[in-house]
Amino acid sequence: MTGENDLFVQKALAGQPIDHCLVIDAHGHLGENPTFPIIDTDPASVVASMDRIGIDALWVSALPAIYGGYAERGNAIVETAIHRYPQRLFGYTVVDIGYPDRVIPTLEHGQRAGFTGIKIYSPIGNVPAPTYASPNYEPLYNFADVHHLPILAHTWGSELDDLEPWIKRYPNVNILLAHTGSAQLEKYIRFGREYPNVFLELCYSLSPRGFVELLVREGLADKVVWGSDTVFMSATQQIGRVLFAKISPEDKEKILGLNAKRALYTETT
Amino acid sequence: MDDLHFIACDAMVGAPRQPLTGGGSSVEDLEQEMAHLHISAAIVRHRFSLECTPYLGNQILMDETKNHSNLIPAWVLTPDGDEPDYDIAVTLQRMRTVGIKMAWICPKRHSFSVESWCSGDMYAALADARVPLLLDWNGQTPGELHHICAEFPELRVIILNPSREGRDRLLFPLLKHHPNLYLCLCPVYSVHEGFRYLYNHFGASRWVFGTGYPEAEGGVSITGLLYAGLPDHVVRAVAIENIERLLSEVR
Numbered sequence: 001m002t003g004e005n006d007l008f009v010q011k012a013l014a015g016q017p018i019d020h021c022l023v024i025d026a027h028g029h030l031g032e033n034p035t036f037p038i039i040d041t042d043p044a045s046v047v048a049s050m051d052r053i054g055i056d057a058l059w060v061s062a063l064p065a066i067y068g069g070y071a072e073r074g075n076a077i078v079e080t081a082i083h084r085y086p087q088r089l090f091g092y093t094v095v096d097i098g099y100p101d102r103v104i105p106t107l108e109h110g111q112r113a114g115f116t117g118i119k120i121y122s123p124i125g126n127v128p129a130p131t132y133a134s135p136n137y138e139p140l141y142n143f144a145d146v147h148h149l150p151i152l153a154h155t156w157g158s159e160l161d162d163l164e165p166w167i168k169r170y171p172n173v174n175i176l177l178a179h180t181g182s183a184q185l186e187k188y189i190r191f192g193r194e195y196p197n198v199f200l201e202l203c204y205s206l207s208p209r210g211f212v213e214l215l216v217r218e219g220l221a222d223k224v225v226w227g228s229d230t231v232f233m234s235a236t237q238q239i240g241r242v243l244f245a246k247i248s249p250e251d252k253e254k255i256l257g258l259n260a261k262r263a264l265y266t267e268t269t
Numbered sequence: 270m271d272d273l274h275f276i277a278c279d280a281m282v283g284a285p286r287q288p289l290t291g292g293g294s295s296v297e298d299l300e301q302e303m304a305h306l307h308i309s310a311a312i313v314r315h316r317f318s319l320e321c322t323p324y325l326g327n328q329i330l331m332d333e334t335k336n337h338s339n340l341i342p343a344w345v346l347t348p349d350g351d352e353p354d355y356d357i358a359v360t361l362q363r364m365r366t367v368g369i370k371m372a373w374i375c376p377k378r379h380s381f382s383v384e385s386w387c388s389g390d391m392y393a394a395l396a397d398a399r400v401p402l403l404l405d406w407n408g409q410t411p412g413e414l415h416h417i418c419a420e421f422p423e424l425r426v427i428i429l430n431p432s433r434e435g436r437d438r439l440l441f442p443l444l445k446h447h448p449n450l451y452l453c454l455c456p457v458y459s460v461h462e463g464f465r466y467l468y469n470h471f472g473a474s475r476w477v478f479g480t481g482y483p484e485a486e487g488g489v490s491i492t493g494l495l496y497a498g499l500p501d502h503v504v505r506a507v508a509i510e511n512i513e514r515l516l517s518e519v520r
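Here the protein sequences line up with chains A and B, keeping their order.
Sequential numbering of the first sequence, starting at 1, is according to the working numbering.
Sequential numbering of the second sequence, starting at 270, is according to the working numbering.
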């Protein structure tokens with residue numbers, strides 16, 4: 001089940017790309033970061049890293065779109081990148097949720113530009129922003145529902161309460177909970193079990209040992225999707241959480257790609 | 270790369286007050302994890318030294334790693350040394366007598382200053398013996414680290430859990446100024462293009478390998494290194510050769 005006979009472990013130990021199954025990174029970023037300097041924000045470096053690892057596709061949003069009040073400037077970075085690498089990079093549109101009149105125009109622009117998902121971000125640090133409970137989100141969920149767009153939601157445990165009413169109200173909108181298990185793990189597990197439209201995304205810098213195994217033991221092998229948070233973190237490193245997990249190769253295939261294919265509606269994009 | 274093995278420089282064994290959720294933390298569990306990850310040897314600290322009493326933890330470490338030749342014990346130190354002498358020179362002599370080649374400190378937990386007025390004699394003795402000192406990145410301020418490295422340029426300082434904040438505005442100037450500063454590239458060092466940047470700017474000789482055992486999934490360090498696109502000789506240096514060299518130079 002694990003170790004010497006596991007092709008994922010063998011390839012990882014040889015530094016070879018994971019090229020025998022679909023690998024989708026559901027959580028990435030481009031652009032500069034406000035709090036510390038990213039070493040290389042060029043999409044070329046991201047795609048080169050994907051090639052070394054064997055990642056087929058990466059869904060990205062722009063860090064500059066997330067933090068300020070100029071989402072469209074950030075989205076433009078992603079727009080350029082997805083046109084430059086149309087088979088490898090896919091875009092999440094980010095909206096300035098604090099400005100309700102901009103939400104639909106930004107999403108419409110994203111739709112025209114070929115973005116295939118939406119990224120939402122809760123307040124962080126001491127910068128005020130609407131919570132996930134804000135009614136400003138209503139047109140965003142409506143848009144996602146009508147246009148069949150998945151939503152990647154930044155979470156750190158406490159936001160799940162505000163997300164739950166939207167998850168119930170929009171059962172046809174797939175919602176990926178980023179940073180599963182960063183806090184309040186039991187709640188993530190409950191959401192993953194209870195809601196067919198919820199998927200649990202993995203990236204987390206502490207990379208806790210035994211965590212992927214725990215989610216599989218909890219019966220969530222079909223609901224976990226792998227994400228790296230590159231370029232904010234490193235995909236080369238985060239992939240090891242799944243490759244070396246003591247789970248079956250079949251479950252690794254699900255977590256590395258098959259679940260994301262479902263969650264991100266890739267059959268239709 | 271055929272037959273590549275690793276030496277983990279940051280393992281910690283010992284029972285916490287309650288079991289960890291992700292797995293065990295005993296010597297036997299560590300060895301199973303090492304086999305899974307192709308790790309041939311590990312530098313090992315003891316949790317009891319961190320969470321309870323420092324020097325009794327060293328004794329427990331020696332007991333538990335006895336007859337495990339693939340485990341390299343590292344002793345925790347305090348600037349006042351162990352009983353009955355409370356003299357760091359005597360403690361270090363005892364440490365060297367039993368063959369210990371690595372030291373670590375946890376100044377916040379053990380309530381001392383890392384500045385030289387408090388810990389200078391300890392640094393001087395470690396530098397003289399070329400015993401590397403493991404320091405957690407969060408155990409002192411970057412300014413304090415700068416003063417330690419500047420005042421004791423012969424002291425080999427290995428930073429555990431280094432900042433993952435990209436081209437870090439505090440860590441990278443320290444690396445530039447202090448060739449005696451080394452990094453343990455362990456699971457928390459999740460930096461896009463980080464390994465290549467370190468190699469391109471500071472060479473191959475200042476990085477050692479860590480897995481964050483028992484809290485972290487050590488496989489992330491392996492993929493972080495092997496998928497970084499580094500030349501084979503650099504991978505080998507990080508995986509095993511740099512720490513072997515540092516240990517071989519202990520007097």
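Be a bit skeptical, because a hint or two may be false.
To be verified - In the EDC-like style, the derived pairs of lysine to aspartate or glutamate whose C-alpha atoms are separated by at most 20 Å in a straight line are: (1) A:Lys187 to A:Glu213; (2) A:Lys11 to B:Asp272; (3) A:Lys261 to A:Asp145; (4) A:Lys168 to A:Asp145; (5) A:Lys11 to A:Glu32; (6) A:Lys261 to A:Glu250; (7) A:Lys11 to B:Asp501; (8) A:Lys261 to A:Asp222; (9) A:Lys187 to A:Asp222; (10) A:Lys11 to A:Glu253; (11) A:Lys168 to A:Glu186; (12) A:Lys246 to B:Asp298; (13) B:Lys445 to B:Glu484; (14) A:Lys261 to B:Glu300; (15) A:Lys246 to B:Glu420; (16) A:Lys246 to B:Asp501; (17) A:Lys11 to A:Asp42; (18) A:Lys261 to A:Asp19.
Claimed, not checked - Just the calculated beta-carbon pair ranges, DEER-fashion: (19) B:Arg286 to A:Ser158: 22 to 32 Å; (20) A:Ala44 to B:Gly472: 17 to 27 Å; (21) B:Asp298 to A:Ser158: 31 to 41 Å; (22) A:Asp51 to B:Asp354: 29 to 39 Å; (23) A:Tyr170 to B:Glu297: 43 to 53 Å; (24) B:Ser380 to A:Glu138: 49 to 59 Å; (25) A:Ala44 to B:Ser338: 44 to 54 Å; (26) B:Asp354 to A:Glu250: 15 to 25 Å.
Please keep in mind that the hints were generated in silico from the structure rather than gathered at the bench.
Beta carbons: idealized from backbone N, C-alpha and C, even for Gly.
### Message
Hinted pair, alpha-carbon criterion (20 Å max): A:Lys246, B:Asp501. Please report holds or violated.
### Response
violated, 27 Å
### Message
Tell me if the beta carbons of B:Asp298 and A:Ser158 are separated by a distance inside 31 to 41 Å.
### Response
Roughly 33 Å apart at Cβ, these two residues keep to the hinted range, so it holds.
### Query
Quick one, are A:Lys187 and A:Glu213 close enough, alpha carbons at most 20 Å?
holds, 17 Å
#### Entry: Restraint status (C-alpha distance of A:Lys11 to B:Asp272 at most 20 Å)
Roughly 13 Å between the alpha carbons, so the hint for A:Lys11 and B:Asp272 holds.
### Message
Hint check: B:Lys445 vs B:Glu484, CA-CA at most 20 Å. Holds or violated?
### Response
violated, 30 Å
### Query
Does the structure keep A:Lys168 and A:Glu186 at a Cα separation of 20 Å or less?
Measuring from Cα to Cα gives roughly 18 Å; hence the hint holds.
#### Entry: 20 Å limit on alpha-carbon distance, applied to hinted pair A:Lys11 and A:Glu32
violated, 32 Å
### Message
So if I understand the rule, the pair passes when the alpha-carbon distance is 20 Å or less; does A:Lys261 with A:Asp222 pass?
### Response
holds, 11 Å
### Message
Tell me if the beta carbons of A:Ala44 and B:Ser338 are separated by a distance inside 44 to 54 Å.
### Response
Holds: the Cβ-Cβ distance is about 46 Å, inside 44 to 54 Å.
### Task
Take the C-alpha atoms of A:Lys261 and A:Glu250, compute the straight-line distance between them, and say whether it is at most 20 Å.
holds, 15 Å
### Query
Given the hint that A:Lys11 pairs with B:Asp501, does the C-alpha gap stay at or below 20 Å?
Between A:Lys11 and B:Asp501 the Cα gap is close to 16 Å, so the pair holds against 20 Å.
### Task
Given the range 29 to 39 Å, decide if the beta-carbon distance of A:Asp51 to B:Asp354 lies inside it.
violated, 59 Å
Hint check: violations occur at hints 5, 13, 14, 15, 16, 17, 22 and 26; the rest are consistent with the structure.
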